[in-house]
Amino acid sequence: MSLLFQGWVSVAVWMAVGLLLEGLIGYKAPAYLDDPQRRELFRLAHAHGTLLGAVLIVAALSASKFAPPRAAVLALRVGSVMMPVGFLLAGVWHPEGDPGLGIWLVPPGALLMIFGAAAMAFSARNKT
Amino acid sequence: MTQEARPATVQGDFTRDNTFDYLGVRARMERRGDRFTMTLTFAEGRQQVFTIDRTVGSRRIEQYLSQQDGQYVRLPLAYDLVNRRWMSLNGSFFYPDGDNYFQHQTQWDANCVFCHNVKAQPHLDARTRRFATEVTELGIACGACHGAAAKHAEQASSPFTREWWRLTDARDKQIVHPEKLTSERSLMVCGHCHGQRVPQPMDRIQEILTKGDPYNAGDDLAHFYTPVGRETKIGEFSFAARFWNNGAPRLTAYEYQGVLRSPCFIKGEHGNRINCLSCHSMHAGDVRGQIKPENRTDKPCLACHQQYQPPAKLAAHTRHGADSIGSRCYNCHMPRVVYGIMSFHPTHEISVPDPQLTASQSVPNACNQCHLDKSVNWAIAASQRFWPRRFAAAAPSQDEIFNLPEGPRALFMGDALTRAMAADAMGGGGPMKVDPHWVAPYLLEAFSDNYPIVRFFAAQGLANYNRSLLKPDYLAAPGARQMALAQWWASYAASRPQTVSLADKLRARRINVDIEVGE
Numbered sequence: 536m537s538l539l540f541q542g543w544v545s546v547a548v549w550m551a552v553g554l555l556l557e558g559l560i561g562y563k564a565p566a567y568l569d570d571p572q573r574r575e576l577f578r579l580a581h582a583h584g585t586l587l588g589a590v591l592i593v594a595a596l597s598a599s600k601f602a603p604p605r606a607a608v609l610a611l612r613v614g615s616v617m618m619p620v621g622f623l624l625a626g627v628w629h630p631e632g633d634p635g636l637g638i639w640l641v642p643p644g645a646l647l648m649i650f651g652a653a654a655m656a657f658s659a660r661n662k663t
Numbered sequence: 023m024t025q026e027a028r029p030a031t032v033q034g035d036f037t038r039d040n041t042f043d044y045l046g047v048r049a050r051m052e053r054r055g056d057r058f059t060m061t062l063t064f065a066e067g068r069q070q071v072f073t074i075d076r077t078v079g080s081r082r083i084e085q086y087l088s089q090q091d092g093q094y095v096r097l098p099l100a101y102d103l104v105n106r107r108w109m110s111l112n113g114s115f116f117y118p119d120g121d122n123y124f125q126h127q128t129q130w131d132a133n134c135v136f137c138h139n140v141k142a143q144p145h146l147d148a149r150t151r152r153f154a155t156e157v158t159e160l161g162i163a164c165g166a167c168h169g170a171a172a173k174h175a176e177q178a179s180s181p182f183t184r185e186w187w188r189l190t191d192a193r194d195k196q197i198v199h200p201e202k203l204t205s206e207r208s209l210m211v212c213g214h215c216h217g218q219r220v221p222q223p224m225d226r227i228q229e230i231l232t233k234g235d236p237y238n239a240g241d242d243l244a245h246f247y248t249p250v251g252r253e254t255k256i257g258e259f260s261f262a263a264r265f266w267n268n269g270a271p272r273l274t275a276y277e278y279q280g281v282l283r284s285p286c287f288i289k290g291e292h293g294n295r296i297n298c299l300s301c302h303s304m305h306a307g308d309v310r311g312q313i314k315p316e317n318r319t320d321k322p323c324l325a326c327h328q329q330y331q332p333p334a335k336l337a338a339h340t341r342h343g344a345d346s347i348g349s350r351c352y353n354c355h356m357p358r359v360v361y362g363i364m365s366f367h368p369t370h371e372i373s374v375p376d377p378q379l380t381a382s383q384s385v386p387n388a389c390n391q392c393h394l395d396k397s398v399n400w401a402i403a404a405s406q407r408f409w410p411r412r413f414a415a416a417a418p419s420q421d422e423i424f425n426l427p428e429g430p431r432a433l434f435m436g437d438a439l440t441r442a443m444a445a446d447a448m449g450g451g452g453p454m455k456v457d458p459h460w461v462a463p464y465l466l467e468a469f470s471d472n473y474p475i476v477r478f479f480a481a482q483g484l485a486n487y488n489r490s491l492l493k494p495d496y497l498a499a500p501g502a503r504q505m506a507l508a509q510w511w512a513s514y515a516a517s518r519p520q521t522v523s524l525a526d527k528l529r530a531r532r533i534n535v536d537i538e539v540g541e
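Protein sequence lines correspond, in order, to chains A and B. Our numbering puts the first residue of the first sequence at 536, with every later residue one more than the last. Our numbering puts the first residue of the second sequence at 23, with every later residue one more than the last.
Okay, chain A solo, but in the shape it has when bound (with noise of 0.2 Å):
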C-alpha cells in the first residue's frame, strides 16, 4: 500500500467518522452526547485522524522531490493509525474522569509522528 493510497484512505475514512460524529449530534444520542469525555475524545479521533492523513499525502509527494528514510515513512505510517485509533478506544469505554486504555496508544503514537517529521525534515535539507 503506498503512503499516498494509505493518506487519501485516512482523510476519507476520518472525514466519515466525523459525518457519523455529527448524525450522532443530530440524532441526540445520548451516549454520545451525555458524555462530555467522549466527546472530545472521539473529535479528537476525527481530527487527528483526518489531519494527519493529510500529512501522509504531503510526506507522500514530498517523496518526488528528495528520497525520505525508511523509518521515517515506516514512523508516519504507524503513528497516524495508532493516534487517531487510540483517541477512539479510549472514548468507546472509559473510567470516570479519566481517558479508556486505548488512550496509551497515543503518545507512542505521537512520538511517531514526531520522528517521522523530524527525520523528513533532515532529509529534505540534506537533499537541498
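Derived from the structure by calculation, the hints contain no laboratory data. Given the structure is predicted, the values throughout are model-derived calculations rather than measurements. Idealized CB from N, CA, C, for every residue including glycine. If a hint is listed, it holds; no wrong ones were tucked in.
Computed list of lysine to aspartate or glutamate pairs in EDC-like fashion (alpha-carbon distance at most 20 Å, straight line):
1) Lys314(B) / Asp569(A)
2) Lys195(B) / Asp633(A)
3) Lys335(B) / Asp320(B)
4) Lys396(B) / Glu422(B)
5) Lys335(B) / Asp345(B)
6) Lys141(B) / Glu159(B)
7) Lys233(B) / Asp147(B)
8) Lys396(B) / Asp421(B)
9) Lys314(B) / Glu631(A)
10) Lys527(B) / Glu422(B)
11) Lys202(B) / Glu631(A)
12) Lys141(B) / Asp242(B)
13) Lys195(B) / Glu176(B)
14) Lys493(B) / Asp457(B)
15) Lys314(B) / Asp570(A)
16) Lys455(B) / Asp345(B)
17) Lys195(B) / Glu631(A)
18) Lys493(B) / Asp102(B)
In silico negatives: residues of chain B with every beta carbon more than 12 Å from chain A:
19) Met23
20) Gly46
21) Gln90
22) Phe124
23) Asn238
24) Ala263
25) Lys314
26) Ala337
27) Ser490
28) Ala499
29) Gly501
30) Arg503
31) Ala512
32) Tyr514
33) Gln520
34) Asn534
Derived CB-CB ranges, DEER-like:
35) Trp639(A) / His145(B): 46 to 52 Å
36) Thr183(B) / Pro565(A): 27 to 33 Å
37) Pro458(B) / Ala566(A): 38 to 44 Å
38) Thr248(B) / Glu631(A): 32 to 38 Å
39) Ile649(A) / Leu324(B): 53 to 59 Å
40) Pro565(A) / Gln312(B): 18 to 24 Å
Chain B: place on chain A using the hints.
Same frame as chain A, but now just chain B:
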C-alpha cells in the same frame, strides 16, 4: 449545597418577581452588579438591608446566609425553586400562623454548617461566644463521603498511578470508598448527616463547636454520636414530635434511624446488610434522590426477595394486579410518610404495613395512603382477609371515627404533619390519583388550616386538579386567602355544607403538635 452568592450560583428571582409581602413586612430582593441584597420594609417604615453572602440548597429551596458582624445568619425568606416563588421559612416548618417574622432566622455557624459543608470547624470562642468558622470544602463535596483525601489526590495526579490502581484494583488508595466498607460502616457515612444525632458523650459538644466534627468517613459513628430517637431529650427539649408514636421517623434527615429499624437491616448478615448504596448512587442517576432509574422500580427489593419476580407470585403476595401501583414494593413497604423540604418522601423504615397502628397509635398506614376513600377499619378487614396468617388477631377499632374515609379523617383530625401528609396524598402527590370532585372540597376546607404548611399541600393539590382557577397563596394574608377560597368554593358549592360539617366534627378531636423540622 452551600455556595458563595454569585450571579452564577444564585437561582432566586432577584430582578422580576422580586417582592414578597408577609406579616405586614415588604421584602424586596435585588441584584446590584454582582451583589445580592434583601431589603425588609416594616409597617412603621423602618428598613433593614441584608447582604446575601452565601446560599444553601440548590434543588428544592434556596436559603440565604448573611454575614452579620462576622457571623453567618440564615435569613427568614427563601426561594422555592420548584414553585418559582419567594416564601417565608415559617411556611416550611410545622408551626401555626404567628406574628414572628424572624421565627426561623438562625445562626449558620452553630448548626447547618456541619452537614452542609465538609469538616466544619466553628472555632467557637467560649468567652465571646463568637464563631470564626472554617470549612475544608464549602458545600457537600468529596470529603463528606470519601474522608480526608489530600494524599490520595497527590498520588492520583499521575496518570500512571491512576491506571495502576484501576488495573490492580489497588486497596491502598489513601481514601475511603463507601462501597468497599462493611455495610454498617457504609451506612454510617450517610447516617452521619442523614441521621440526626447527639454527641456521645453529650459534653463532646464543646469539642465539636470549637475544633469541629471529629467524625471522618469510615469511622465508627457510634464512637462519637448517638442517633436521636423518640425518647431523646436535650434538657427540656424533646425530639418525640419528630417521630411517629411507634418510633418511626417522620422527618427527613432521620433516614439512618429508619434503616436501622428495618427488618431488612436487622435480619441481614453482619457486614453485608442493606445500606444506602443498595438503592442510591452518588455518581449516577437523578440528582433528586440520587437514585438510578432502574432502582425506582422493584429491582433493589428483588435482589433479595427473588421469589416475587414472577408476576403471578407477586400478585399473590400483594393481592393487587402485578402491574398496578399496589404491587410496587415501595408503595406498601416504604410509604410516603416522611416530610422534608416542602414534600413527602418514602420512609426508610422498610416494614410490613399494618393499618391497626393507625387506630391504636396514629401511625399512618400504607393501605390508606392509596385507599384514601376507604376507612382504617376497612383496611384492617382487608389485611385480615388477604394475609390471614400475619393478621389473624387483627381487630377493627371500636372508635367509629375509624369507619370514616381515612383521607378526610387524617386531613382534619391528625396533627399538623399528618394533615399535611393527607393533603399531599389527596392532592395527588402520592401514587394514587383520586377523583378530583370528591377530593377538592376537602382540600378547600383544609386550606383554612392554621398551619401554613398544611395550606401549602392543599393548594398544591387544588392546582393539580383544577388549573382553570388561580392557585391560592398559602402565605397570603387571611383576607386574601378567604377571597381566593370564595372563588374556588363557587365551583364546589353543593359539597360545602357536608364537607364543613365533617371537618368540624373531626377537628374537635385534633391534637396540635409543633414540630421544628431538623433540615
